[in-house]
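*Asks:* Chain order of the listed sequences is A and B. Going letter by letter, the first sequence gives residues 49 to 534 in this note's numbering. Going letter by letter, the second sequence gives residues 3 to 471 in this note's numbering.
No lab work stands behind these hints, which were simulated from the structure alone. Take the hints with a grain of salt, since some may be wrong.
Stated by the list, open to error - Covered stretches of chain A (chain B as the covering partner; in silico rule of three or more C-beta atoms under 8 Å from a C-beta of chain B):
#1 144-153
#2 235-248
#3 325-333
#4 370-376
#5 405-412
Stated by the list, open to error - Using 25 Å as the maximum straight-line C-alpha spacing, the simulated DMTMM-like pairs for lysine to aspartate or glutamate come out as follows:
#6 A/342 - A/322
#7 A/400 - B/264
#8 A/389 - B/87
#9 A/508 - A/326
#10 B/259 - A/384
To be verified - Derived coverage of chain B by chain A (criterion: at least 3 residues anywhere in the stretch with Cβ under 8 Å from a Cβ of chain A; other residues may be distant):
#11 39-46
#12 437-445
Note that CB positions come from ideal geometry on N, CA and C, so glycine has one too.
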Amino acid sequence: MKEIIAPLSKMLSSGEISSVELTEKYISAIEQDNKIYNAYVSTTFDKAIENAKAADKMIAEGKASLLTGIPMTLKDNICSDGDFTTCCSKILEGFRPYYDSTVWTKLKAQGAVMLGKTNMDEFAMGSTSETSCYGAPLNPRNTNHVTGGSSGGVASAVCANIAAYGLGSDTGGSVRQPASFCGIVGLKPTYGAVSRYGLIAYGSSLDQIGVLSNSVKDAAIVFDTISGVDSNDQTSVDFDFGNIAESLDEADIKGMKIGIAQEYFEGINGEIKDAIFEAVKFFEDNGAEIVDIKLPVLKQALPVYYIIACAEASSNLGRYDGIRYGYRPESFNDVEEMILKTRTEGFGDEVKRRIMLGTYVLSSGYYDAYYKKACLLRENIIADFEDIFNQCDIIIAPTAPNTAFPLNFKGASPVDMYLSDIATVPINITGVPAISVPVKNDSNGLPIGMQIIGKKFSEKTIMNAAYFYEKNADVQVKDFEGGVAL
Amino acid sequence: MSYQLVCGIETHIELATKTKIFCGCTTQFGGEPNTHCCPVCTGQPGSLPILNRQVIEFAVKAGLAVNCKINNNSHMDRKNYVYPDLPKAYQISQFDEPLCVDGYVELDSGKKIRIERIHIEEDAGKLVHDGGYTYVDYNRGGVPLIEIVSMADISSPEEAREYAEKLQLIMRNVGVSDCKMQEGSMRCDVNISIHQPGEPWGTRTEIKNINSLSNIVRAMELEMERQEDILDAGDKVIQSTMRYDANSDTVYVLRSKENADDYRYFPEPDILRFYVSPEKVEEIRATLPELPDAKLKRYVDDMGLPENNARLIYKYRNVTRFFDDAVNEGAGAGNVLNMIISTVYAVLQTEEDKENFDIKITSHQLAELVKLIDSKKIRANKAKEVLAQMLESGKDVTEYIKAEDLAGLSDEDLKALCQGAIDANPKAVEDIKNGKDKAINVMFGYVMKNSRGKADVKKAEEIIRELIK
Numbered sequence: 049m050k051e052i053i054a055p056l057s058k059m060l061s062s063g064e065i066s067s068v069e070l071t072e073k074y075i076s077a078i079e080q081d082n083k084i085y086n087a088y089v090s091t092t093f094d095k096a097i098e099n100a101k102a103a104d105k106m107i108a109e110g111k112a113s114l115l116t117g118i119p120m121t122l123k124d125n126i127c128s129d130g131d132f133t134t135c136c137s138k139i140l141e142g143f144r145p146y147y148d149s150t151v152w153t154k155l156k157a158q159g160a161v162m163l164g165k166t167n168m169d170e171f172a173m174g175s176t177s178e179t180s181c182y183g184a185p186l187n188p189r190n191t192n193h194v195t196g197g198s199s200g201g202v203a204s205a206v207c208a209n210i211a212a213y214g215l216g217s218d219t220g221g222s223v224r225q226p227a228s229f230c231g232i233v234g235l236k237p238t239y240g241a242v243s244r245y246g247l248i249a250y251g252s253s254l255d256q257i258g259v260l261s262n263s264v265k266d267a268a269i270v271f272d273t274i275s276g277v278d279s280n281d282q283t284s285v286d287f288d289f290g291n292i293a294e295s296l297d298e299a300d301i302k303g304m305k306i307g308i309a310q311e312y313f314e315g316i317n318g319e320i321k322d323a324i325f326e327a328v329k330f331f332e333d334n335g336a337e338i339v340d341i342k343l344p345v346l347k348q349a350l351p352v353y354y355i356i357a358c359a360e361a362s363s364n365l366g367r368y369d370g371i372r373y374g375y376r377p378e379s380f381n382d383v384e385e386m387i388l389k390t391r392t393e394g395f396g397d398e399v400k401r402r403i404m405l406g407t408y409v410l411s412s413g414y415y416d417a418y419y420k421k422a423c424l425l426r427e428n429i430i431a432d433f434e435d436i437f438n439q440c441d442i443i444i445a446p447t448a449p450n451t452a453f454p455l456n457f458k459g460a461s462p463v464d465m466y467l468s469d470i471a472t473v474p475i476n477i478t479g480v481p482a483i484s485v486p487v488k489n490d491s492n493g494l495p496i497g498m499q500i501i502g503k504k505f506s507e508k509t510i511m512n513a514a515y516f517y518e519k520n521a522d523v524q525v526k527d528f529e530g531g532v533a534l
Numbered sequence: 003m004s005y006q007l008v009c010g011i012e013t014h015i016e017l018a019t020k021t022k023i024f025c026g027c028t029t030q031f032g033g034e035p036n037t038h039c040c041p042v043c044t045g046q047p048g049s050l051p052i053l054n055r056q057v058i059e060f061a062v063k064a065g066l067a068v069n070c071k072i073n074n075n076s077h078m079d080r081k082n083y084v085y086p087d088l089p090k091a092y093q094i095s096q097f098d099e100p101l102c103v104d105g106y107v108e109l110d111s112g113k114k115i116r117i118e119r120i121h122i123e124e125d126a127g128k129l130v131h132d133g134g135y136t137y138v139d140y141n142r143g144g145v146p147l148i149e150i151v152s153m154a155d156i157s158s159p160e161e162a163r164e165y166a167e168k169l170q171l172i173m174r175n176v177g178v179s180d181c182k183m184q185e186g187s188m189r190c191d192v193n194i195s196i197h198q199p200g201e202p203w204g205t206r207t208e209i210k211n212i213n214s215l216s217n218i219v220r221a222m223e224l225e226m227e228r229q230e231d232i233l234d235a236g237d238k239v240i241q242s243t244m245r246y247d248a249n250s251d252t253v254y255v256l257r258s259k260e261n262a263d264d265y266r267y268f269p270e271p272d273i274l275r276f277y278v279s280p281e282k283v284e285e286i287r288a289t290l291p292e293l294p295d296a297k298l299k300r301y302v303d304d305m306g307l308p309e310n311n312a313r314l315i316y317k318y319r320n321v322t323r324f325f326d327d328a329v330n331e332g333a334g335a336g337n338v339l340n341m342i343i344s345t346v347y348a349v350l351q352t353e354e355d356k357e358n359f360d361i362k363i364t365s366h367q368l369a370e371l372v373k374l375i376d377s378k379k380i381r382a383n384k385a386k387e388v389l390a391q392m393l394e395s396g397k398d399v400t401e402y403i404k405a406e407d408l409a410g411l412s413d414e415d416l417k418a419l420c421q422g423a424i425d426a427n428p429k430a431v432e433d434i435k436n437g438k439d440k441a442i443n444v445m446f447g448y449v450m451k452n453s454r455g456k457a458d459v460k461k462a463e464e465i466i467r468e469l470i471k
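Here chain A stands alone, though its shape is the one from the complex:
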């Protein structure tokens, strides 16, 4: 895996290349390659050049930081003032927020350059990015296969080197799973570590903005900048992570206790299981201690996740009614008809499915049996995980039970698709951090990802373990050839 941010930063500060020149390279690459990958759904090239000029000024004045002048992308559900942000949904067609998300405010202050918004499952609901109203993005590793979802466009762009890094969102695995499918790094921070202000909400108690990058170090550098308590988000937490990127150089896993739960490997395909166990052996050979842990509640995590996520989503998506922003039908006789038509015509099938599910589990007569029960079970799962982290420092598990599906895979019903989230959703339910790193390719040449999970606010620990692996193990997922070369 290659580091991109630090080397680029060095080239920029030494004057070897200007941010404007670098940005122009990325722009050409996008103009050429996006036709193939459909990663970007909207581009902000003029703004990018402006950002780049400002960055060059910062560099000249000696005020640059690692992220200054480096072109990146935001998932299409993260707001930036004046730029199309549509959640890849017809219902937000033409929508431009009039404010910046906190993460973009922070990145902009460091002189980051935004190239455009990248593709996703509509309203982040999905695991393949195929529910996008702009069509699916393609997996650069094999364009007959999906990128995964819902941050599929971000993963595709970062993998194909048409963005140096990207910010996605992870509610049930949407940063980690596409990272795994595309063979790149995906970090989901602790719930509350990164402000959600400006992230268009799907499941409020589950959503977190995460980082997709080509190396663990890059993810750490970005996380160090975007994390932090925010007065615009009362669920954000004031925790001092220290400078994680710098701490990586001392990364060591000797004596680290690694928890392996059999429940995580049930129903996982053989090649993936083997790949993960090989990685675990690598850790063991380097001084880590493997601890057998029990997670019987794991299988309850899926229904708990879908009940809570859909319930919150059914409420969060109520505001899309055609009155203040977004799509509005051509003709209607009254307000009620307008709202009905807006939502009927504007939302895709998967979104409608989840809204109906969410409305049902919250409705009178069913609330106790579904939503309330799910919340109580959630507490149990949280307690179990806390208990586990008394026995070990990190948990290692597969990121997904499969590698990238073929496009338009008809073999799966919606519920089958939901089941594929088994490895990732427990992390969102408990709010703990997790990072997915590539391990090796399967026999079809598709990447397999390993998840390193820690307790709340242990980003430093999991990234140290991930970095150690990346640097010292024989990672058999090649650097992608294409896009902008360093």
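Position chain B against the provided structure of chain A, taking the given hints into account.
*Replies:* For chain B alone, kept in the frame of chain A given last:
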């Protein structure tokens, strides 16, 4: 057929915080439409609510003022429904853990109207209908509200009015709201049902859009009549939402509520649970001012002031503070009160004037004037004239009453005047000697006139009678 009334009232009160409940927009009334807005209160995608701590403090204060118990642990819930004035398609409110519970308002009769709960929530925007179109103004969206729910303890329209009026008085005096029904900062929804004595309670209807205290009575009377007519005819009352229209003085069905709305309440995930410590509650309790009914009691029972006069000031926080401050400086309560209701009120004529209390003099300046009346250095009528002038100029009493005006009448001067009175009125002297005692009034008149009102009448009488002998 004589029916009994069962009535409960839900009151929404806009809290007078500077900014809205979940964002920093101003709560100021009026303004061009959609100018007091931001991403949060217009429900823009990606926005998040930030709970305003002062809202909790105001709500706790309001709860304590009506004798509620405060829930130390509380949280917000989402109430989901669709309406154009509700930008998020849910209202952030409180469902099963309201901030305040189990309070009461005591009516003059001693009857307590129990308060079931008080919770905090956000207001919706305003719909404006014009020329066949409907416009939405989100300025009001996000303004903090408390919803006060009474138990069905009210048994007459007059009790309903009194309950609402007392709530209004209390909340104004405690400073959490200006409670102006005509501006919408206080809204009462009245729920009523009627039944035959001994029978179970009837089906209730809810009356909305009542915009004044007297219209509470009117709307209830109309609705009671309507329900009586229905029951007398042998029909059933249908559970509905009614609307009172002041222009046509009618109550009519807005919508029937055969099926209760399902709001799918669930805890608001964007706002964490909050905790108001017992210490904080006591801290807030200590800031509660003396409430109007307690003040009235003090004025009448402790100070011995005439009740009808005390009632003229007891409602107004600023007036009573002015009164109490002057009295605390040593000015006589009766005289201070009289000066206020006669002369100060001539300048503060409307309710609003009395609430705003925009006058040019301080309680100290009034006290100085009243002390002169108390020590009989000037007469009340003179004082009123002077006060009127002080209110216009803002100047001290010393501007208008000079030292020599205040100089008392010496005993010699008084005696001289009395002698003068006798000399000038020989016939009166004759009359007195002949038993027509009333003639002495002429003498008094002389003495008062020539002493410019400073003479002590009793003393003068003694002297005159002595001299006549």
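*Asks:* I'd like to know which numbered hints this structure contradicts. Please list them from smallest to largest.
*Replies:* Result: hints 3 and 12 break, sorted rising.
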